[in-house]
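Protein chains in written order, with the numbering used here: chain A, 1 to 222; chain B, 1 to 222; chain C, 1 to 214; chain D, 1 to 214; chain E, 1 to 257.
No lab work stands behind these hints, which were simulated from the structure alone.
Note that the structure is predicted; figures quoted are calculated from it, not measured.
Treat the hints loosely; a few may be bogus.
For lysine-lysine, the following DSS-like pairs were computed, each having C-alpha atoms within a straight-line distance of at most 30 Å [stated by the list, open to error]:
#1 E/Lys232 with E/Lys164
#2 E/Lys164 with C/Lys77
#3 E/Lys96 with E/Lys232
#4 C/Lys77 with E/Lys232
One-sided excerpt, in silico: chain D residues whose CB lies under 7 Å from chain C [stated by the list, open to error]:
#5 Ala49
#6 Gly51
#7 Ala144
Reference excerpt, derived from the structure (chain C facing chain D, CB under 10 Å, subset only) [unchecked claim]:
#8 Arg24
#9 Arg25
#10 Ala44
#11 Thr47
#12 Gly53
#13 Lys54
#14 Thr55
#15 His95
#16 Ala144
#17 Asp166
#18 Thr170
#19 Leu172
#20 Ala174
#21 Gly176
#22 Thr177
#23 Glu182
Beta carbons are placed, not taken as given, at the ideal position from N, Cα and C, and that holds for glycine.
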Amino acid sequence: MLDVVLHILRRDLRLAFRRWSELATPLIFFVIIASLFPLAATPDEAQLRSIGAAVIWMSALLSSLLALDGLFRADSEDGSMEQLILAPAPLGLVVLAKIVAHWAVSGVPLLVLAPLVAMSFYLPLAALPELIAALALATPTLSVLAAVGAALTVSLRAGGTIIGLLILPLTGPVLIFGTRATELAALGESVAGPLYLLASLAVLAVSLGPLIAAAAVRTALE
Amino acid sequence: MLDVVLHILRRDLRLAFRRWSELATPLIFFVIIASLFPLAATPDEAQLRSIGAAVIWMSALLSSLLALDGLFRADSEDGSMEQLILAPAPLGLVVLAKIVAHWAVSGVPLLVLAPLVAMSFYLPLAALPELIAALALATPTLSVLAAVGAALTVSLRAGGTIIGLLILPLTGPVLIFGTRATELAALGESVAGPLYLLASLAVLAVSLGPLIAAAAVRTALE
Amino acid sequence: MASATHGDHFGACPVLTVTSLEVRRGGIGLLRDLSFELSPGQTALVTGANGSGKTSLLRVLAGLAVPAAGRIDWHGKTPHRLPPEDRGDIAYLGHRDGLKRELTVDENLRFCRSFWKGRGAVEPLIAELRLEACRHRYVRRLSAGQRRRVALACLRLKPARLWLLDEPLTNLDARGTDVVIEWLGRHAAEGGVAVVSTHRPQRLATAASIEVAL
Amino acid sequence: MASATHGDHFGACPVLTVTSLEVRRGGIGLLRDLSFELSPGQTALVTGANGSGKTSLLRVLAGLAVPAAGRIDWHGKTPHRLPPEDRGDIAYLGHRDGLKRELTVDENLRFCRSFWKGRGAVEPLIAELRLEACRHRYVRRLSAGQRRRVALACLRLKPARLWLLDEPLTNLDARGTDVVIEWLGRHAAEGGVAVVSTHRPQRLATAASIEVAL
Amino acid sequence: MNAVPIRRRLWRAFHRLGSPPYVYRLAGRLSPWLGVTSCVLLAVGAFWGLVLAPPDYLQGDSFRIIYIHVPSAYLSMGGYVLMAVAAAIGYIWRMKLAHGLAVCVAPLGAWFTALALVTGGIWGKPTWGTYWEWGDARLMFELLLLFLYIGYMVLRMSFDDREKADRVSALLAVVGVVNVPIIHYSVEWWTTLHQGPTLIREGGPSITMDMLIPLLIMLAGFSLFFGWLLCKRLQGEILRRESRTRWVRTLAAEAGA
Ligand code: HEM
Ligand SMILES: Nc1ncnc2c1ncn2[C@@H]1O[C@H](COP(=O)(O)OP(=O)(O)OP(=O)(O)O)[C@@H](O)[C@H]1O
Ligand SMILES: Nc1ncnc2c1ncn2[C@@H]1O[C@H](COP(=O)(O)OP(=O)(O)OP(=O)(O)O)[C@@H](O)[C@H]1O
Ligand SMILES: [Mg+2]
Ligand SMILES: [Mg+2]
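Taking the hints into account, I'd like the entire structure generated from these sequences.
Below, the structure is given as structure tokens:
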């Protein structure tokens with residue numbers, strides 16, 4: 001069972017690295033969003049600092065959503081989803097493997113880049129560890145939510161992406177706790193509260209999300 | 001020749017309305033970005049007002065990029081792009097028709113929604129006509145640029161997100177002029193300058209963009 | 001009219017001439033020094049093993065790709081440099097069917113007809129292809145063979161004199177195959193020219209004038 | 001071993017039993033009261049016009065869809081409720097090939113083998129299917145028939161006793177068809193069971209034990 | 001003089017420039033000259049600019065970074081134009097060698113862009129009090145130029161078919177050219193921290209002679225240096241593209257022998 005998951009993980013990672021430009025894109029996207037934003041807004045240090053956290057989190061949200069859009073689409077179009085449904089492992093696990101692979105190539109590099117962007121928004125250096133911790137707890141949740149959205153979208157090809165969009169509001173709490181944590185960290189205060197909340201959201205998402213996504217995918221292809 | 005263009009326009013519009021939820025996506029995206037943003041940032045009126053313009057323009061940019069990602073992908077995967085290349089009209093015109101159809105369903109509703117979002121960022125009512133005018137001039141350019149990006153990446157399955165990397169640098173001017181116009185309008189000053197610049201960018205984009213996109217599509221499918 | 005399928009009716013003046021054609025794809029040479037010609041009313045059957053270059057040849061003939069060397073002459077013009085107004089003269093049906101999944105059969109066919117300024121009504125075609133039952137269904141919801149039938153109907157609606165068909169029998173049942181063969185015969189009888197790739201040359205033998213083996 | 005293809009070797013104990021099956025799709029009834037059974041070593045040919053429900057039947061047998069009524073019994077279990085560890089026993093190849101376009105032929109095959117804990121080496125398969133030249137090419141760059149061959153190789157790597165093949169001959173050239181027929185014979189000789197849909201029953205006649213006409 | 005033979009000679013030269021062995025040899029013959037001259041010019045210019053030239057009356061010695069900043073900024077833009085022109089020629093005349101040239105320019109241009117950004121940033125600290133100013137148009141568009149170079153390279157790499165990569169990325173290079181005039185005029189169109197045109201402007205350069213001459217020498221040195229690197233890369237690129245041809249095989253055999 002576990003080796004099935006590992007095989008899928010490995011294949012998806014290889015696919016991601018094969019198309020490494022796709023891999024790099026959410027990141028560059030992230031950087032560009034974060035760098036175009038100040039261009040559009042007034043370039044004043046105090047103000048940049050105050051919106052820095054919001055921009056980082058919005059960019060993280062958008063880039064994880066963008067990256068996950070095609071998670072099931074390619075598989076369902078080339079027929080490999082049918083093979084995965086028939087795989088010798090529960091579909092929930094299979095979906096989890098796909099989410100982990102995507103998170104590894106889109107979420108993890110974000111953790112590395114976010115500090116750079118944060119610094120360009122004049123976030124204090126001392127707040128960086130907390131920022132990274134918050135992102136590390138939040139990006140899995142975002143990935144799972146995006147995957148659920150993608151699964152629902154696949155199933156409603158005609159009905160379209162609307163249900164996928166219903167997922168977006170669910171990202172609200174992640175966004176709020178994340179920004180809160182970053183802002184508290186910038187002020188040098190304790191971030192334990194928001195981090196706990198983020199962690200519990202992550203546990204909830206990772207344990208339930210894949211099951212919902214699996215059910216949606218299965219119905220979609222029936 | 002012209003009737004070929006009209007046929008494509010009509011078919012693409014029908015397809016868009018058939019998948020009306022997909023149609024709604026960029027809009028809802030736009031609204032959610034614009035409404036989640038104040039949620040993430042500190043909800044302080046003065047501050048919101050100062051970044052309102054930037055948020056509106058970033059959202060417009062992102063949603064037009066998202067909407068146009070699949071402009072040629074679906075066509076090239078189901079084989080209709082080959083038929084369009086063999087169409088009894090220059091490919092540049094065909095591409096223009098597709099862009100117009102997409103703009104009609106993604107750009108126009110944006111013009112309608114933007115004022116609502118603007119008001120939620122405390123933009124003065126008097127500035128709304130200028131905002132709409134600026135968006136009306138800018139969204140065609142954004143659509144054309146996104147179409148060029150989509151065309152450059154059709155033959156890459158990866159496509160999707162790499163467009164952001166290719167096109168965002170080109171959207172810089174639109175973003176700057178657009179925000180400038182909105183800010184000037186908010187201050188009650190004349191916006192003629194940025195509007196002229198936006199208009200000339202639009203003329204440039206609409207006249208040359210489709211040709212470039214057509215060349216890219218043709219090469220990609222060669 | 002059976003002899004018309006062998007092109008005797010219209011004299012021996014070739015309308016499609018392929019001269020020492022060389023086709024490359026992805027840096028690999030596929031075809032080299034291929035020559036053949038077709039007069040009005042003739043049909044060429046392209047045969048060859050998998051990967052021998054049938055699809056690539058048809059794409060080059062359609063003007064979708066550029067040959068590495070050699071000449072293609074269709075009524076004095078080169079397909080990949082055909083001016084738009086002459087493009088309606090060539091109909092290409094590839095492995096992919098070019099239908100819109102989110103439109104119904106009827107809508108797809110109507111688009112084809114008006115797009116190509118086609119003549120003829122949609123109804124008799126639908127009846128001939130037995131698509132009545134799924135006429136108002138989304139193409140996405142058709143079976144593989146039904147989809148292929150719709151694609152063939154699109155082809156028929158286009159008033160083209162040169163047909164380029166890439167394995168038209170794929171997914172078709174026996175009746176569908178008969179229809180394709182009958183159409184090829186009718187097209188030839190009207191003075192049309194066709195290049196058809198296939199892995200079942202025996203089945204299409206009655207419709208063919210020459211065979212191009214790759 | 002020729003007689004083995006008719007299942008006499010392994011006794012008459014059926015392993016796949018379909019009893020008064022009813023299949024609906026998109027609200028339309030397709031099959032009604034369909035019953036047949038297969039013993040080890042037997043191959044069923046599913047024939048029928050386009051849209052008659054061949055694909056739908058195979059999907060139900062694979063457990064990808066749920067029948068509206070009736071029973072399917074595969075070694076005492078129902079396909080769509082098969083526990084994960086038994087799923088390796090059923091191999092399904094549909095109209096779409098399930099290959100990753102961005103991986104090479106070799107990588108696709110290796111994935112299949114390790115994913116299904118397959119036995120047997122990849123090399124002889126590649127040789128048998130004449131895929132040596134494109135072994136390290138991306139699947140995206142293969143011709144339609146070459147792609148189909150790779151999908152068939154994947155099937156062969158999976159140690160399944162029940163094969164569900166949906167028009168396996170699609171896009172294959174004469175040699176490819178021979179390979180499929182030989183494989184079906186070998187599979188039956190090893191006691192495997194196969195359900196194969198096709199529009200060319202004559203071509204597959206030698207491999208078939210029973211025919212299910214829809 | 002008759003115009004026709006000249007045109008024909010030009011046409012022949014153009015054709016010869018499309019021949020890989022010819023260009024390979026040409027690059028090989030040019031590169032030592034470029035290498036030596038650029039090193040000499042860079043040494044002279046650096047000595048003159050860093051030691052002999054008087055300190056600026058406003059900025060003191062920090063202005064001396066101009067001798068690196070300005071040439072690399074110019075080359076970042078000139079390199080992009082060169083790349084786009086080469087790509088366009090390659091696209092229009094299906095000339096593989098021109099694509100090869102564009103491919104070679106891209107990373108060099110990206111490096112010089114990065115250099116301009118870094119030296120500008122370093123210079124900004126003493127003069128503007130900050131390394132980087134979000135929202136300054138000149139700075140932002142220079143950064144976007146870097147993104148364009150990167151985008152071009154990433155787009156190329158995502159194709160595995162070189163010919164397709166050549167043709168599609170050429171289109172991107174051409175589209176991106178609009179950025180270059182925007183960078184140049186950004187200081188006039190927007191109020192920026194960055195100073196206005198000094199060298200290329202109506203009414204001639206506005207800079208004293210003893211600063212200008214070393215700057216011009218550095219400019220020439222940097223350009224030749226760029227050309228030298230380009231020749232080297234171009235040779236490698238030609239070998240890679242032509243590795244299957246007879247002349248490369250014989251070349252390799254000669255080198256081996
Ligand atoms: C990161 C910061 C900077 C960037 C990205 C940057 C970029 C550029 C670019 C692209 C050019 C070429 C413009 C053209 O040819 O039109 C340029 C020229 C120049 N830069 Fe900068 N620069 C930066 C900082 C500075 C600073 C701090 C100074 C000095 C106070 C400076 C002084 C100059 C001068 C004197 C020129 C020549 C102007 C001309 O002749 O047009 N730059 N810079
Ligand atoms: N996704 C779907 N939703 C609804 N109905 C469908 C769907 N796919 C197919 N159908 C309908 O179900 C019927 C059976 O389809 P199926 O694909 O099983 O036919 P088939 O026998 O495999 O035909 P073919 O020989 O063309 O492959 C057809 O009439 C078709 O229109
Ligand atoms: N997009 C592509 N890029 C590079 N090479 C390709 C591409 N498509 C096909 N090829 C190669 O070109 C050769 C010819 O392909 P083509 O599709 O023309 O063959 P075919 O004769 O139509 O085969 P089939 O009978 O399988 O359809 C094959 O060897 C294939 O591997
Ligand atoms: Mg083919
Ligand atoms: Mg079927």
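Agreement of hint C/Ala174 with chain D interface, Cβ distance less than 10 Å: 7 Å, holds
Cut-off 10 Å, beta-carbon criterion: hint that C/Thr55 touches chain D: With Cβ-Cβ at 6 Å, under 10 Å, it holds.
Status of the C/Arg25 interface restraint (C-beta, 10 Å, chain D): Hint holds; C/Arg25 Cβ to chain D Cβ min 8 Å, cut 10 Å.
Hint check: 10 Å Cβ-Cβ cutoff, C/Ala144 to chain D: This hint holds: C/Ala144 lies near chain D, its Cβ roughly 5 Å from the closest one there, short of 10 Å.
Supplied contact hint for D/Ala49, tested at 7 Å Cβ to chain C: 5 Å, holds
Interface hint status, C/Gly53 versus chain D (Cβ within 10 Å): Given a least distance of 8 Å, the restraint on C/Gly53 holds.
Minimum beta-carbon distance criterion (10 Å), C/His95 to chain D: 5 Å, holds
Cut-off 10 Å, beta-carbon criterion: hint that C/Gly176 touches chain D: 6 Å, holds
Proposed proximity, C/Lys77 with E/Lys164 (alpha carbon, max 30 Å): Judged against 30 Å, a Cα distance of about 26 Å means the pair holds.
Per-residue hint verdict: C/Lys54, partner chain D, C-beta under 10 Å: With a minimum Cβ separation of about 8 Å from chain D (threshold 10 Å), the hint on C/Lys54 holds.
Satisfaction of the C/Glu182 interface hint, Cβ to chain D closer than 10 Å: Constraint on C/Glu182 not satisfied, violated at 17 Å.
Interface hint compliance - C/Thr170 to chain D, C-beta minimum distance less than 10 Å: 6 Å, holds
Taken one by one, the earlier hints fail for this structure at numbers 4, 8, 10 and 23, listed in ascending order.
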